[in-house]
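Asks: Listed here are the chains, written in short residue letters.
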Amino acid sequence: MVTTQDFKSRMHIDWCPGCGNFGILNALKRALTQLDIGPDGAVVVSGIGCSAKLPHFINLNGFHTLHGRALPAATGIKLAVDDLPVIAVTGDGDGLGIGGTHFIHTARRNVDIVHILHNNAVYGLTTGQAAPTTKRGMRTKTTPRGVVEEPIQPVPLALVSGATFVARTYVGDMEHCVETFKAAINHKGYALVDTLQPCVTFNKIYTYDFYNERVYHLRDEGHDPTDMKQAMLRGYEWGDRIPLGVFYQEEARPTLGDELPGLKKGPLCKRDISDVDISHLVRPMM
Amino acid sequence: MVTTQDFKSRMHIDWCPGCGNFGILNALKRALTQLDIGPDGAVVVSGIGCSAKLPHFINLNGFHTLHGRALPAATGIKLAVDDLPVIAVTGDGDGLGIGGTHFIHTARRNVDIVHILHNNAVYGLTTGQAAPTTKRGMRTKTTPRGVVEEPIQPVPLALVSGATFVARTYVGDMEHCVETFKAAINHKGYALVDTLQPCVTFNKIYTYDFYNERVYHLRDEGHDPTDMKQAMLRGYEWGDRIPLGVFYQEEARPTLGDELPGLKKGPLCKRDISDVDISHLVRPMM
Amino acid sequence: MTAEVIPEEIYDGEEVKLSIMIGGEAGYGIVSAGDILARAFAKCSLHVAAYSEIPSLIRGGHNTFQICVSTHKAHSLWRALDFLVALDHLTIDLNALNVSPGGSIVYDSDSVKFDQSDLDRDDLTVMPVPLKTLAGEHGHADLMRNTVALGVCVALANYRCEALQGVLREHFKLKGEKIIEANIRSARAGYDYVKEHFPDIRILGLDGQVCGRPHIVMTGNQAITFGALKAGMTFYSGYPMTPASPILHQLVHLEEDMGIVAKQTEDEISAIMMAIGASAAGARAMTGTSGGGFCLMTEALGLAGEAEVPLVVMLGQRTGPATGLATRTEQADLLFAIHASQGEFPRAVLTPGDLNECFTLTYQAFNLADRYQIPVIVMGDRILNEGIHCATRLEDEGLSVDRGKLLSAEEAQEFVEDGHFKRYAITNDGISPRILWGGNGLVQTYNGNEHNEFGDTYEGRRNRRGMMGKRMHKMKALTKDMPPPQLHGPRDAEVTLVGWGSTKMPGREALKMLAGEGHDSVSYLHFPSVWPMDTDRAGAILRKRERLVGVETNFSGQLCDHLASHTGVHIEDRILKYDGRPMTPNYIIQLLKGVMGW
Amino acid sequence: MTAEVIPEEIYDGEEVKLSIMIGGEAGYGIVSAGDILARAFAKCSLHVAAYSEIPSLIRGGHNTFQICVSTHKAHSLWRALDFLVALDHLTIDLNALNVSPGGSIVYDSDSVKFDQSDLDRDDLTVMPVPLKTLAGEHGHADLMRNTVALGVCVALANYRCEALQGVLREHFKLKGEKIIEANIRSARAGYDYVKEHFPDIRILGLDGQVCGRPHIVMTGNQAITFGALKAGMTFYSGYPMTPASPILHQLVHLEEDMGIVAKQTEDEISAIMMAIGASAAGARAMTGTSGGGFCLMTEALGLAGEAEVPLVVMLGQRTGPATGLATRTEQADLLFAIHASQGEFPRAVLTPGDLNECFTLTYQAFNLADRYQIPVIVMGDRILNEGIHCATRLEDEGLSVDRGKLLSAEEAQEFVEDGHFKRYAITNDGISPRILWGGNGLVQTYNGNEHNEFGDTYEGRRNRRGMMGKRMHKMKALTKDMPPPQLHGPRDAEVTLVGWGSTKMPGREALKMLAGEGHDSVSYLHFPSVWPMDTDRAGAILRKRERLVGVETNFSGQLCDHLASHTGVHIEDRILKYDGRPMTPNYIIQLLKGVMGW
Ligand SMILES: Cc1ncc(C[n+]2csc(CCOP(=O)(O)OP(=O)(O)O)c2C)c(N)n1
Ligand SMILES: Cc1ncc(C[n+]2csc(CCOP(=O)(O)OP(=O)(O)O)c2C)c(N)n1
Ligand code: SF4
Ligand code: SF4
Ligand SMILES: [Mg+2]
Ligand SMILES: [Mg+2]
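Residue numbers (the working numbering), protein chains in the order written: chain A, 1 to 286; chain B, 1 to 286; chain C, 1 to 598; chain D, 1 to 598.
Worth flagging that the hints you see were computed from the coordinates, not collected in a lab.
In this text the structure is predicted, and so the values were computed from the model without any measurement.
We put the beta carbon where it would ideally sit given N, CA and C, even for glycine.
Be a bit skeptical, because a hint or two may be false.
As the list claims (entries may be wrong) - Okay, the calculated beta carbon distance ranges per label pair:
1. Gly-222/B x Asn-212/A: 39 to 45 Å
2. Asp-418/D x Glu-546/C: 32 to 38 Å
3. Val-416/C x Leu-143/D: 42 to 48 Å
4. Gly-137/B x Arg-465/C: 51 to 57 Å
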């Protein structure tokens, strides 16, 4: 039996006190525990950012890669291990700015991974520049007169890109967080979890108070997650009311792995390659 | 008075006979002519691909840049010249694959440029690999068993990214093409024109016949381009019927240039920099 | 401390050589026709080398395909043509000057209006052949014009038409018997036309010639692909880019057969990151690209260095800078490949020079990558990757898979502390253990930030020195594992040409041609790897030569600069070429004569 | 052919030096406190050098700020501390060993439980000060603890508290009079506490000392920013990355004032491409990043080379490989910067070594970029970019804007053929004309593919040779335009240290310290630029030295390798440091003594 204690890491957790990342960390531990997945039973892959330190703060297989590049790394890992759950954690700059094209393409590829997007609407680790999700008008280190761009909305963007599981959760609602992560891990295919994660140090707009006053649960309003149109309309909702829950889920679509004939012979990482026969390939060249 | 003859280039046009790119070239010449913009009156910026050769086939200021990078180059040019129309032409691999994150961010930035997306749903110049827009199931050089990814839909993607002008046209409908390019050039802000451009050599699915049977005009069906929801629904339409026209246009939003106080002193490229005074900046450091 | 000395082959009897070029508008099957012809000669155990020149466009441009055939060994193309087969007029305009005195120009009299007097020279035979008409009579006027031309070429070579028929049959096997037959008839028609109308044409005496050993003919890309597959590569990710794309094109067809994954990605960053992910997970993984894509991969190359992930990157060079001449050849990325990415970490750069090295060095690249847990760059270029070359066989003797310290869970116990696996354990040889992820009770962390032995980010000063030292220490053993320089030709030659990568082929051909002219005191020193380098050994080898002349397909002589930096030997004389066209033995000889005052 | 000889300053009177470190948990204003203190000393015309060490995290980690003050010239930090001010216990654990014999440790007795006997040495004075209590009494216990510590430092330095007050007033001016007063009171409380409780503390005699000339104090990033603005830069695009981010942060505040655009982009590729676009359009444009971002920029660097777009790139190095130690310093990207991107094209690599060079070389970078239409890389590193340094003034004498061949429409007529402007006209000096786009009746095409004189893609062989030749020819004049090596210290020294970039600062400090110990026959050869290089001149300069020792903040000695490659001079002895911490004079001296057997 796995317990959350199994995931305790040796490292001092150096996120700011009160940071929403703690919630993500705890929810992930609880989700894995409840799914009976142990520290050797999954791989967590991160980019660079405050978010990206997560693999060191949890005792779980991990790879801390480069800024913006968690998704393709996670894809490569997933295709090679095949049977292990792979969880990519990215920041919002990480995942939607520098890594924006990987986001779109990972979604449409329907790789069977979970993508936890640490959405703090700011660049945390580099001390407070604007992120792609930063609210229009917010003053940051790089936007002293306020952000002038329309913020990226991860949920509609994922929907448009063909993601088969699109959800939002909020670290201030731990039960919901755990439940959503579990659903994402259980989903076969690319699963985006837009995770609202207050940055207590650099984002004074999207605070716990801000979210506490606004979040509501989609399931309480009879949302049908198989209906793309509904999902899209709800996905755009971001104001006085902010929906949490699964916007959209499509279970029938084959994952990338399902489509690859090369995986039929078992996981790549376990293949016996000691003496590969290529003679039938070379012969026609003679 | 500008005439289309003014745009005739010295170069031999080496696109395949029948290629849809000819239509784009001709429509662009006519649009510029009708707007009385001469060869020195705009700048055309391209990436790399069959599409990207356009600057050489038209006598017009141009910059042939790198694969995937036309949009940020066009942004830099626009911010520096300020008063000239800037037209970025990209392929679909170019603009949505390797250049995907620039696409999203240029849209949300609302840079005042036109983006003509040469949508042939295939990699032309590299002789027929799958593009992000290639139809699911199509066999290409890199997908002998058919493409397994969901195609990217440029129109919804641009809408979600905050573009203020989103249109589709088709080279088989020259009048519409000219009219759409003109509207895009006249629009203040980022204007995407998803331009259906058959690749006669490598795409045997999205042919002239295919499109001729399916395209219809949004304006004939009372579409209201100020209504984002309608735009989104129409944007998803891709099957027996394929809509052409302006899906969405928002005229009030300031462009990136409008938001930049540094441009108030006139175009950057014409600034007198022979003796810039910085003494007031250095003084506090003493 | 010496170079590996490779004696050049000695054949009985005089060498008979033939060089043919077919040229025409792009989009008319010039390249596949050339390919068929090369295979036809090779089937009969003649040596061939072949290369297509294609501008970066789809149709309407000018394509050429050159084939050089020899009874001994055709290491490379040479410049002089015996026959030029022109499907359009431009072919004659651009290439007539390269036809040797006494050679011939064949042209399609149906498509080309041409008069002998248009030519500035009268030492050539000009032969009009109604290719289109003949094709129309036996198959299809437009589609089979090139097949008729093949028959013409075989007749000119005075070779057996049957040789061609087998290859045509193979080539069109998926198109059905009707198409096969029409092609065979078309080829025969071209063959017969020549025999009938030009009975007196210069005979090269290839007929009946068979080179001793049977051999294979393929592109460098094919050999690289086979080397990778043989080494157990199961994951390849790539983004299309000349001249690397054919590797991806070939592999996607083998996914089911070989049980591998070959994936086109959204860009090169994704390609290398997927390969790094797959490799960290335990699969043998590779990516391939050209210079522009390699630029985008440089950051991840450093990740493989810092996180110690085995990785093989094929860098197929083409003419830069930037998009340059996108479908042409150059060797101008040597110093970039050696120094790419910020910071310092061990890497290996292999520079195969012919088909066999494409195969063996790609294979070895995977072993080096696994053994030292480093990125290994295998450098090709357009002529090596997409040119058609010949080899006796693909040597896999002495090659066996070595996965280095990829431990089983039991073996790994030694490196477990407090239940945590030390992915980056400090060891005597600098190489740390690694394991597979999943279900083994162990947790393993990879990290592209500086880390402690467990892989967790740690910035301590002493730790940093330890980790840098550990990683860089691997260079020591790695250096000994690198393929050493090879000396081709006489050991005490008057002058030694020095080159790397594909230049080996025209270099060796030049030795052969020079010997034919009586200059037999020339050798060629080939570097099949450039980094890391046993600099003492390389320096000693270089200093032992009487005189050194660099030969590189670039502007500045990058290998020469590199050798100067690390061995102290400055090579002043450099034969350089940077026009996007392949190095030829003729060019080397011409410039060498200038240098040597011959 | 010699180095520019820079005589080291001679001051009257003995040098008085002081080194203070403040350390504590991240997030408690250590860095801004240090900054205030540095400015306070500088206001009184003392020389300062200061540097913060911050791990890559926001809070909870350990930050330090070190300030070195001198009556003569503080070229750099030195290792030995006179006072260590500890706001937490970790500060003592990590840094107590660096306190000089006779020095003192001050700690916040409200937060740190500490006992002299915990210390392994008894040659220090330990001074508990209730920082938090004092802050609480005069301002705010948590927020003003660091301000109290500032007062303590000034007292320890035996300096005037008024010096501090002015800077506090300036620093908090936007926060209102109440906050200002509370801070001044807090500082005073710290000052008085020391004077009262530790009247016998070692006096360093700084009081009353004033260095001859007034001077400025700022970070390298500030000097770079000012250099760029003075040179007329109107466009800056960047993506946040330590240590380059502060340039962007500073510029966004100046957009209105200076009439410029400063834009954060979605990644570094976009940053460099926007700058290239703006520059092609005629604005002076720049981007800045660190190694990881520079990797992503390499492809576009080649575009600037091939399309001949002037471009300035600031590459602020940090500790690699990959993410390495993201907030620490290193000089390990030299060879990468010189060779980055596929193919060969002219570029310039400038390596400023101090504040003044940050300013002047950035300025010059724009002139070189415009004059030769090339990318120019200005290399910094964390200590140079984010460290606080001192200079007498920013020298702008002799600097004037030169836009090269950016022609007016009238001037351009000479290059018009058939109504088309020859953007890439072949000229004698290899430099082609360019014009502004728009409304001038001329059409201009830039191209990253190989092109003809009009900028249209063209693959001809002769054209290629001509264009390559044209571009590479620019190197000739460019080489003469590069800032030459500078020799600091005696011309005929027994040993000459050789370095580049920021190492100039500890290098010169080492000369001063060595001279103080009687070793006055040491000089320092600084390379303010590394590519292109007048290799004959550099070789001659190197060969003239009696003995050479490389000094670099990297693992392998990249400048030494580079010099070997191009001058033939091999520097065997290398003082290298790769632990992410800055090079110090002490480290240089210690290793130099080993090398020299002193
Ligand atoms: C190529 C590259 N560019 C820039 C950086 C610097 N950098 C590190 S984290 C980061 C952004 C952090 O913001 P986000 O992705 O939102 O993550 P958060 O810290 O908010 O979790 C940046 C720009 C980098 N490490 N690599
Ligand atoms: C960095 C980089 N990677 C790959 C290439 C090779 N390449 C040239 S064009 C192209 C794709 C062309 O497809 P698309 O963008 O759809 O344009 P089209 O030719 O169809 O107009 C590729 C992959 C390149 N030039 N640069
Ligand atoms: S900066 Fe923000 S996101 Fe980063 S650790 Fe602190 S609170 Fe969390
Ligand atoms: S390959 Fe396709 S897109 Fe390219 S020129 Fe030919 S038809 Fe047009
Ligand atoms: Mg963030
Ligand atoms: Mg396309």
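Asks: Now tell me if each hint is right for this structure.
Replies: Consistency of the hints with the structure:
| no. | hint | in the structure |
| --- | --- | --- |
| 1 | Gly-222/B x Asn-212/A: 39 to 45 Å | 43 Å, holds |
| 2 | Asp-418/D x Glu-546/C: 32 to 38 Å | 55 Å, violated |
| 3 | Val-416/C x Leu-143/D: 42 to 48 Å | 46 Å, holds |
| 4 | Gly-137/B x Arg-465/C: 51 to 57 Å | 56 Å, holds |
When held up to the earlier numbered hints, the structure conflicts with hint 2 and nothing else.
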